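A.B. asks: Protein sequence lines, in the order shown, are assigned to chains A and B.
For what it's worth, the numbering used here labels the leading residue of the first sequence as 1, then goes sequentially.
For what it's worth, the numbering used here labels the leading residue of the second sequence as 1, then goes sequentially.
Quick caveat, the hints were computed from the structure, so don't treat them as lab data.
Treat the hints with care, as some may be off.
Stated by the list, open to error - Calculated pairs, DSS-like style, for lysine-lysine (alpha carbon to alpha carbon, straight line, at most 27 Å):
#1 A/K18 <-> B/K69
#2 A/K53 <-> B/K69
#3 A/K22 <-> B/K42
#4 A/K41 <-> B/K42
These numbers were taken from a predicted model, which means no experiment stands behind them.
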Amino acid sequence: DTEVTQTPKHLVMGMTNKKSLKCEQHMGHRAMYWYKQKAKKPPELMFVYSYEKLSINESVPSRFSPECPNSSLLNLHLHALQPEDSALYLCASSHSTSEWETQYFGPGTRLLVL
Amino acid sequence: EDQVTQSPEALRLQEGESSSLNCSYTVSGLRGLFWYRQDPGKGPEFLFTLYSAGEEKEKERLKATLTKKESFLHITAPKPEDSATYLCAVQAEENSGGSNYKLTFGKGTLLTVNP
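Same shape as in the complex, but just chain B (with noise of 0.2 Å):
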């Protein structure tokens, strides 16, 4: 069974503190990894697809990382604005038991960023 785990459940920084959040996750064959940024009370946004280990994309103060077991999403000088949910969500192969439309999420990551 497909799982992933995000840590932390919620972090707390001051604006321009750098941090990480983490995704773990286990699944047969990766076929697609996503993040989401979602704001209390709408749909999730979505910021990155991330396909093999290490790739790498960036959108303004994120980064988001591949390796086979997790993925990072760095967030460099937040602003209060980033404050929201992330969310990562995986997609297996078809081939591993799996459904390829479907995702798997983790939990989430509540942040949030002080003025």
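Excised from the complex, chain A in its bound form (with noise of 0.2 Å):
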């Protein structure tokens, strides 16, 4: 079983909103990531957690917070999002950052940030 959730599906959201992302994985992967993905653009690595702590951070704005609770569980805080923080925002898991390892994304959350 290959399979990574992501709720909500989709989440429209003010610019003073507080909207919390969620995605889960059962596959025992110790590495999780969150990717952004603008209309036909390919993702973009935004940060990578390895056994549950945050290994990378590439310069994302702090309204942007990741939360890493457990092995299985990765949330993204969103706080005073802008428009164009509109996009599909990605989860994916691999065993390990140690070595090369395949990444499984999940099916995404579709924001809209008004």
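Build the complex: two chains, separate frames, hints provided.
C.D. replies: Quick look at the structure:
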């Protein structure tokens, strides 16, 4: 089973709202990732968690705040977003980051910021 | 800097008309090359991982090959349900200056298969 689940599927929020995106995997993977994808563009890496610790932040604005409560769960907390943050947010996981490993993606959350 | 170039940007085929998608890459040391399929509004679906030149992998109507400079995704007798964007990504070896977690994606090839 190579399933990564994400909730919600769609989210509409105002610029003053606070919301969270959730990602879950039960494959025993110890690396989890957040990506942002704009229309007709490839995914762009935002954050990497390795063994529940934030290992990489790709210079993402602080209005995006990741959290990894346990090895199966990854959250992305959103606050004071801008309309240009509207995109498809993808979660991915892999066995680890210490070796090359295939990243498996979730279905994504379509975010619209008004 | 790692670079991935996919061609063509878009490809329109008739059902049953075989063709190939190209992924050219520049990376100091290749750890892995990945092919994904992405349907509109969905997350990328993993297809293949290739590690070394000469390697080939197949899945149904798809076959991926790898050389030292490029990879091909061959589609044999495609069906309309094969219509999607196909993404290629590379992962560099850590000691080449890249980070072994990071995927560098190409811009994708939009494949349309008409019935």
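A.B. asks: What's the verdict on A/K41 and B/K42, does the C-alpha distance respect the 27 Å limit or exceed it?
C.D. replies: 13 Å, holds
A.B. asks: Straight-line Cα separation of A/K18 and B/K69 no greater than 27 Å?
C.D. replies: Not satisfied, since the Cα-Cα distance of roughly 46 Å exceeds 27 Å.
A.B. asks: Is the Cα-Cα distance between A/K53 and B/K69 27 Å or less?
C.D. replies: 35 Å, violated
A.B. asks: When you check the alpha-carbon spacing of A/K22 and B/K42, does it fall within 27 Å?
C.D. replies: Holds, at roughly 16 Å.
Hints 1 and 2 from the earlier list are contradicted by this structure; the remaining hints agree with it.
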